[in-house]
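One letter stands for each residue in the lines below.
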Amino acid sequence: MGFFLEVVLGGLMAGVLYSLVALGFVLIFKASGVFNFAQGAMVLFAALTLVRLMEFLSQTFSPFLIALVLTIAVMVALAWVIERLVLRPLVNQPGISLFMATLGISYVLDGFGQAVWGSDVYALDVGIPKRPLMLFESLVPGGVLVSSEDLVAALIAGLLVAVLGLFFQKTRIGRALRAVADDHQAAQSVGIPLNYIWVIVWAVAGLVALVAGIVWGSKLGVQFSLGLVALKALPVLILGGFESIVGAVVGGLIIGVGEKLSEVYLGPHVGGGIENWFAYVLALLFLLIRPEGLFGERHIDRV
Amino acid sequence: MMLRIFTARAVLFAAAAAGAIAATNEVLAQANEQFVPMLVYRSGPYAPNGVPFANGYADYLTLVNERDGGINGVKIAFEECETGYATDRGVECYERLKGKGPTGAAAFSPLSTGITYALTEKVYADKIPLITMGYGRSESVDGGVFQWNFPLFGTYWDAADVLIQYIGKLNGGLDKLKGKKIALVYHDSPYGKEPIPLLQERARRHGFELMTIPVTHPGVEQKAAWLQIRQNRPDYVLLWGWGVMNSTAIKEAVAVNYPREQMYGVWWAGAEPDVLPAGADAKGYNALALQHSAGQGAVHADILKYVYGKGKGAGQKDDVGHVLYNRGMINAMLLVESIRTAQGKFGKKPLSGEQVRWGIESLNLDQKRISQVGMSGMLQPFKVSCYDHAGAHHARIHQWDGTKWVFVSDWIEADSSIIRPMVDEAAAKYAKEKNLTRRDCKAS
Amino acid sequence: MFYREAGQFKTSYGADQAVFPILQDQIFIGLWLALGFVLVPLVSTEYLLKAILIPFLILALAALGLNLLVGYCGQLSLGTGGFMAVGAYAAYNLCVRIPWLNPVVAFLLAGGVATLVGIAFGIPSLRIKGYYLAVATLAAQFFLDWVFSRVAWFTNNTPSGSITAPPVTLFELTFDTPVKKYLLCLSILVLFAAVAKNLVRGRIGRAWMATRDMDVAAEIIGIRPMYAKLSAFAVSSFFIGVAGGLWAFVHLGSWEPLAFDVNRSFSILFMVIIGGLGSILGSFLGAAFITVLPLLLNQLPQWLGVSISTAMISHLEAMIFGCLIVFFLIVEPLGLARLWRIGKEKLRLWPFPY
Chain H
6 MGFFLEVVLG GLMAGVLYSL VALGFVLIFK ASGVFNFAQG AMVLFAALTL
56 VRLMEFLSQT FSPFLIALVL TIAVMVALAW VIERLVLRPL VNQPGISLFM
106 ATLGISYVLD GFGQAVWGSD VYALDVGIPK RPLMLFESLV PGGVLVSSED
156 LVAALIAGLL VAVLGLFFQK TRIGRALRAV ADDHQAAQSV GIPLNYIWVI
206 VWAVAGLVAL VAGIVWGSKL GVQFSLGLVA LKALPVLILG GFESIVGAVV
256 GGLIIGVGEK LSEVYLGPHV GGGIENWFAY VLALLFLLIR PEGLFGERHI
306 DRV
Chain E
12 MMLRIFTARA VLFAAAAAGA IAATNEVLAQ ANEQFVPMLV YRSGPYAPNG
62 VPFANGYADY LTLVNERDGG INGVKIAFEE CETGYATDRG VECYERLKGK
112 GPTGAAAFSP LSTGITYALT EKVYADKIPL ITMGYGRSES VDGGVFQWNF
162 PLFGTYWDAA DVLIQYIGKL NGGLDKLKGK KIALVYHDSP YGKEPIPLLQ
212 ERARRHGFEL MTIPVTHPGV EQKAAWLQIR QNRPDYVLLW GWGVMNSTAI
262 KEAVAVNYPR EQMYGVWWAG AEPDVLPAGA DAKGYNALAL QHSAGQGAVH
312 ADILKYVYGK GKGAGQKDDV GHVLYNRGMI NAMLLVESIR TAQGKFGKKP
362 LSGEQVRWGI ESLNLDQKRI SQVGMSGMLQ PFKVSCYDHA GAHHARIHQW
412 DGTKWVFVSD WIEADSSIIR PMVDEAAAKY AKEKNLTRRD CKAS
Chain U
629 MFYREAGQFK TSYGADQAVF PILQDQIFIG LWLALGFVLV PLVSTEYLLK
679 AILIPFLILA LAALGLNLLV GYCGQLSLGT GGFMAVGAYA AYNLCVRIPW
729 LNPVVAFLLA GGVATLVGIA FGIPSLRIKG YYLAVATLAA QFFLDWVFSR
779 VAWFTNNTPS GSITAPPVTL FELTFDTPVK KYLLCLSILV LFAAVAKNLV
829 RGRIGRAWMA TRDMDVAAEI IGIRPMYAKL SAFAVSSFFI GVAGGLWAFV
879 HLGSWEPLAF DVNRSFSILF MVIIGGLGSI LGSFLGAAFI TVLPLLLNQL
929 PQWLGVSIST AMISHLEAMI FGCLIVFFLI VEPLGLARLW RIGKEKLRLW
979 PFPY
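Residue numbers (our numbering), protein chains in the order written: chain H, 6 to 308; chain E, 12 to 455; chain U, 629 to 982.
By construction, these hints were calculated from the structure, which means they are not laboratory data. Among the clues, some could well be false.
To be verified - Here are the simulated distance ranges between beta carbons:
id, chain 1, residue 1, chain 2, residue 2, range
1, H, Gly132, E, Asn268, 38 to 44 Å
2, H, Arg303, U, Ile751, 43 to 49 Å
3, U, Ala646, H, Val96, 39 to 45 Å
4, U, Pro795, E, Lys328, 30 to 36 Å
Stated by the list, open to error - Listing some non-contacts, in silico: residues in chain H with all C-beta distances to chain U over 12 Å:
id, residue
5, Ala82
6, Val91
7, Thr107
8, Ile178
9, Ala186
10, Leu290
11, Gly298
Glycine included, every Cβ here is placed at the ideal spot set by N, Cα and C.
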């Protein structure tokens, strides 16, 4: 029983990490209709920038804070560049062209990040404790071993979702973003500048990528494979729906738990290594019931 | 608009034409230079491990050029080609580099089991040897069938055997392993799967339970694997990873409180990039040392003086002497010595792949020569032969103490009475599949 | 001036409906075929054949298959690598377990196996659309990767999981030299391209295109969506399966499951989109672009005499590749085939401006 709880908790926390990456996807898809495949590369780029700046600034009084501010500036600048050079020329093109363009952006970010910052493994230490915690010793025999790193990650993700929720509901810009997500033309007609909004959306997605990069980088070390976590966020997206923040979180949790349970309990019977595709199959099964994802918007076809 | 279209088409056409033409041209090395190709990966998920190896390899070749003026006066021209650990890119690099130089490529060291498998098929026709030091096909030890493959210093069966023997020693004898549980966390690729047959054989003989836990490439998802280890609590965990999988494994071990002292990595899972990311928590992690460990010797002093001193170093000075750097350096040394040996027979000129192959097969490094190249203490004397293309089958265990690698065992010899029959069987199967006639080892 | 059709009168329906009705087109195609079959084998170096042309031909076949699915039928699929793996492993198992079976026949049978697998994984397309379908096909990709890695039967119980293909023979002829391999791939490609061209001009092709443009309207006028979508998956998987068999047997020779991973799927999707969705020629142009460009970028510093480290070269390669993709999408989002078509249109009027 204790072990089962451990697997479930481990799955929940892995799911939270996936949700962090999926959040960035959802933000951009909601506001500009672009399936941003470069999100993974943005996570890697943000983490690389942060960790290398921390190294260069290690003599100052607070390398982490200064590097954080600088990285945020870099991600905002990146958002501006992407909007100007890629999104604006491709403004009315079919979705598949935009998807390909983001694939191209991911190549550029990967190459640029590695060219400028190097392709080594960089340890990111932002003070997140790594020792495992033993919880519930009184309730469950043997206790439940929980990774404190994952707990902190879950807290950070929860905080981020709360902040984003507040941002979208309470601030003016958040309202403008929701308007743009709803209907581009209507938003333009009430005077919301579309290009400016897109820069903001990509910048916010960049910040989300930075947070995801910090959490994942602290866990795995900042290196090239960090960009591959984007592939892990895709089942989360299709399960939760491409346009829903709640969907990203709930989908992440379901995928995380499903993955770990399947790997630990089903895996040994079939030789192991099934979690990769099991996540997709799980999402697929949900899709067959709800083709737009659990929380996705129903797509109405006009004939 | 039209101009844009036409320029775009013109650019495409010109690019295609240029590509076709240029691909047929070769950049020739000088007439009296030996061409050595280098298949490296300096980008991608395995770069942290591939870069120091490539640097060590390149630095040693530069050292031979700068300090000795080449091998008996024949300078070495080397060229790197990026494979990114991908098989098809490795094959393309092979095709591009195999014919360069006045006599073609000397030998290839792909540093990837996947690329080795693909190239094994091609080197028969192209007559270029493959030096796969510490990796590659385990059955390629048999030179009668695998004329062109040289898994110098041992293969994965040797590695697994040495680890089991050491664990047996820790427990007071191999028979004391009965009832114990040993888990193998492996990279889900030919590289990771290689040791399984030998481990199963040993498990059968000594009665320990073998758990095999695959980790999908690139290896960052290991939570479930280590949860299984937490559930089953094996006595020892053998780590057969590469690249980021190794550091992730150690971190996940920390997260599930599995003692690192009970973890044993293969020689490709025992270098600085694997332990440094986990910081102080990696202390106590053990790994195999493929003859050498980290550390500096006479040859490093020479490299710092003749290579970095002249600004021709391939990497950073601080990396000189790290585990994988040394491994690349030794790999290059073995090639250089093989060429030197071959030059003794064929003359002091650039040699063809076939001649270099003879040199590798006749390689005989005694203690005197090892001291002369400045690597005493790093290697033991060994001799390659047609029967045994590995030349040596022993290794040591080193442990990370938080800041450096420390040897914790003596030399352990892999048990050829178990391994050699497996090698012979697998080699015979390969020969039958490929319709190869076994070479007569006495003849050459 | 050269491209005018004036004076070319058709006297039968057959001639009017020919694939290449204009004489200039026929001559052009004839020249290309002569170039491909006769000139190229004579003048090419081994490196050009083995490292550039053969991969280009095989990947063009795969891109052709994917274009039928994505470009003509509008079903976005990211499982191409997995279907290629099915073709490769099926061909291997057929050759190894039925020794008297000719390898070329084995390729076609392997294509058949890939067809069945493609239909099975295409069933979700009846319910899911767009990006969701793309991600669902990733399930196929990862599952197939895992199956070939884990189930020992597929690799003939090889412990390492890396298998070697037997040599390809046909009627006493063994395809062992690069020239023979090249001609084999070229023949198969030309044959399949002819089949594809005729398919898309026929009833099935029109059903696909109707489904792509407006699937609800297509259903209303009587095109059965299941038939259209699954037939697209079937034909596409057949092409991709044969391409996978060729890739494994003719190009790689020895492979492991990582050779058909998700990067392969993405690169073939790149080829299709850059070449032009919904265009047979586009598959070839896209394949040429994606196959040759990285090699060009890799060797460019050497020709220019600039000395850059290999690491920097591969990073620059990635960056320039990404930039070029974005550039092409901006300049011509409909792909290289559209550029070609515009060029042909201009050629009809040349030297007059309109």
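Status of the hints after comparison with the structure:
| no. | hint | verdict |
| --- | --- | --- |
| 1 | H:Gly132 to E:Asn268: 38 to 44 Å | 21 Å, violated |
| 2 | H:Arg303 to U:Ile751: 43 to 49 Å | 22 Å, violated |
| 3 | U:Ala646 to H:Val96: 39 to 45 Å | 40 Å, holds |
| 4 | U:Pro795 to E:Lys328: 30 to 36 Å | 50 Å, violated |
| 5 | Ala82 | 17 Å, holds |
| 6 | Val91 | 6 Å, violated |
| 7 | Thr107 | 9 Å, violated |
| 8 | Ile178 | 27 Å, holds |
| 9 | Ala186 | 16 Å, holds |
| 10 | Leu290 | 10 Å, violated |
| 11 | Gly298 | 7 Å, violated |
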